[in-house]
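Trainee: So you can see what is in the structure, the chains are spelled out below.
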Amino acid sequence: MGETLQVFIGINVILAIGYYLTAMTGLLSLGSGAFMAIGAYSTSVLTVKFGWPFPPALVIGSIVTGSISVAIVFPALRQLQGIYFAVATLALLEIVRVFFMNFEPTGGASGFRGMSGTTLQLLYFVVLLAIALAWIISRSNLGMRMRAVGQDEDAAMASGINPARIKMFAVWSGACLSGAAGALYAHYVFFINPEMFGWTRSLEILLFVVLGGGEVVLGPVVGAIILTALPEVLRSQGAMRMIFYGIAVILMMALRPRGLITRDTVQAFATRGWRR
Amino acid sequence: MLCVSGVSRQFGGLAALSDVCFKVGRGEVVSVIGPNGAGKSTLFNAITGFIRPNAGSIQFAGRDITGLRPYEIANFGIGRSFQHSRLFPRLTTAEHLRVPRGSDVDKASVRMILKMCGLAGKGDLFPAQISFEEQRKLEIARLLAGKPKLILLDEPAAGLNAQETARLMQLILAIRDMGCSITVIEHNMGFVMDISDRIVVLNFGRKIAEGVPEAIQDDKSVREAYIGVEA
Numbered sequence: 001m002g003e004t005l006q007v008f009i010g011i012n013v014i015l016a017i018g019y020y021l022t023a024m025t026g027l028l029s030l031g032s033g034a035f036m037a038i039g040a041y042s043t044s045v046l047t048v049k050f051g052w053p054f055p056p057a058l059v060i061g062s063i064v065t066g067s068i069s070v071a072i073v074f075p076a077l078r079q080l081q082g083i084y085f086a087v088a089t090l091a092l093l094e095i096v097r098v099f100f101m102n103f104e105p106t107g108g109a110s111g112f113r114g115m116s117g118t119t120l121q122l123l124y125f126v127v128l129l130a131i132a133l134a135w136i137i138s139r140s141n142l143g144m145r146m147r148a149v150g151q152d153e154d155a156a157m158a159s160g161i162n163p164a165r166i167k168m169f170a171v172w173s174g175a176c177l178s179g180a181a182g183a184l185y186a187h188y189v190f191f192i193n194p195e196m197f198g199w200t201r202s203l204e205i206l207l208f209v210v211l212g213g214g215e216v217v218l219g220p221v222v223g224a225i226i227l228t229a230l231p232e233v234l235r236s237q238g239a240m241r242m243i244f245y246g247i248a249v250i251l252m253m254a255l256r257p258r259g260l261i262t263r264d265t266v267q268a269f270a271t272r273g274w275r276r
Numbered sequence: 001m002l003c004v005s006g007v008s009r010q011f012g013g014l015a016a017l018s019d020v021c022f023k024v025g026r027g028e029v030v031s032v033i034g035p036n037g038a039g040k041s042t043l044f045n046a047i048t049g050f051i052r053p054n055a056g057s058i059q060f061a062g063r064d065i066t067g068l069r070p071y072e073i074a075n076f077g078i079g080r081s082f083q084h085s086r087l088f089p090r091l092t093t094a095e096h097l098r099v100p101r102g103s104d105v106d107k108a109s110v111r112m113i114l115k116m117c118g119l120a121g122k123g124d125l126f127p128a129q130i131s132f133e134e135q136r137k138l139e140i141a142r143l144l145a146g147k148p149k150l151i152l153l154d155e156p157a158a159g160l161n162a163q164e165t166a167r168l169m170q171l172i173l174a175i176r177d178m179g180c181s182i183t184v185i186e187h188n189m190g191f192v193m194d195i196s197d198r199i200v201v202l203n204f205g206r207k208i209a210e211g212v213p214e215a216i217q218d219d220k221s222v223r224e225a226y227i228g229v230e231a
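Chains as they are written, first to last, in our numbering: chain F, 1 to 276; chain R, 1 to 231.
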């Protein structure tokens, strides 16, 4: 596997896990691209303009993204449910894009360049960290509460859960990971511009989770790997590539509406073993 | 323990609750009965914060809980079930018990609560994989995991057969014996008469009677509300 493909798979796995954490609470977000952009730009400013080494800049960039997500999303959480929340995040995505288009210190529309420092080692470290954290959260009481809020908000409230607070955590943790992924991306491709983090990006991230499955951590990981590798595998098909990609997506959705890897899949393998 | 005084709630021009007062003491089982539309579920929603009363106040354990958010009220120790079981479809039975705040129940107490509710050995199943009776009891098990001081059950026996109802009654009495107060909305009169220390009767949003089961059975206004005025 080429290094570039590995890097993109790794970054997409981090994005998918971030989305998975947010989606656990039933939130439909289209804002992952915005958080990715915030992480990419804030980290790049630290490394390029202030000469920071990449790893600490990555940590700060991720925290900055998380904080900004709390500040922006919090007012929306109490009022907005379901599709309205999704539309609000879409607006956020557009606001962030237009902001960076016009923000001259980071190059505006002509982009920002000069980043480097994403190594495979660092990438795999962040990927494994993200998987480990998501796994721990998903099995904790907090994870139960996140899913409870996503599945029946009233019943969760009657159990003493404050849905707004749980969702805030979900958005924050997802944004931190999206920000880290954005930073890793920027420091691999050397050059970024606001168009790289548009709604197609957000939609692609949503697909990782919808296709891979949003119930267990393995789902988004598998979803991200398959959907990132698929276009490469289909490269020989030339112009037909995206048609095959689309057919594959439709087939997976038709056959596995909850996603490829669900809790039942894991349960079945756990009881029957990995042979079958 | 629970003291509801003068609670009223209007929906548009309709008075769903008007000036309702009643009390529930520690370890007491109080039933709320009344014809459909009498305001029973609205009363539960008002106590648990799902709707805000227009007037009146609700005290619990010496604290005014009127108008608080549902999760705040739940964390003060009032648990409730819903008229149609509201379970988490993609959480297993055992995982349901880990949701309530302040519970942080360990594995042993999860097992104990499941056993008490007749769900022993079903901890790894999803709600869709257990029977209707078990779903009802799972909702009660989830309540217990929150270590409530008072539980409000909205028609817990609806749809259960006689045997299942008898088992449910045993479970509710066992919960009472643990020192938990219980308020039940129920249409199954046999169940209500057997289980209640006291009965509150609502009709058109007003309390029309209150008393021990024997007194309620003989109450003229209650008979009128249910059967109509005798010729």
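None of these hints come from the bench; they were simulated from the model.
A virtual CB, placed ideally from N, CA and C, is assigned to each residue, including glycine.
Warning: the hint list may mix true and false statements.
Sample of chain F residues at the chain R side, in silico, Cβ under 10 Å [stated by the list, open to error]:
1. GLY114
2. ARG147
3. SER159
4. ASN162
5. THR262
Trainee: Decide, hint by hint, whether the structure agrees.
Mentor: Hint-by-hint comparison with the structure:
1. With its C-beta approaching chain R no nearer than about 46 Å, GLY114/F sits outside the 10 Å limit, and its interface hint is violated.
2. Of the supplied interface hints, the one on ARG147/F holds, with its beta-carbon coming within about 6 Å of a beta-carbon of chain R, less than 10 Å.
3. Contact between SER159/F and chain R, as hinted, is supported at the beta carbon level, the nearest pair being about 4 Å apart and thus within 10 Å.
4. Hint status for ASN162/F relative to chain R: holds, with the closest Cβ pair at about 5 Å, below 10 Å.
5. About 9 Å separates the beta-carbon of THR262/F from the nearest beta-carbon of chain R, less than 10 Å, and the hint is met.
In terms of the numbered hints stated before, the structure departs from hint 1 and from no other.
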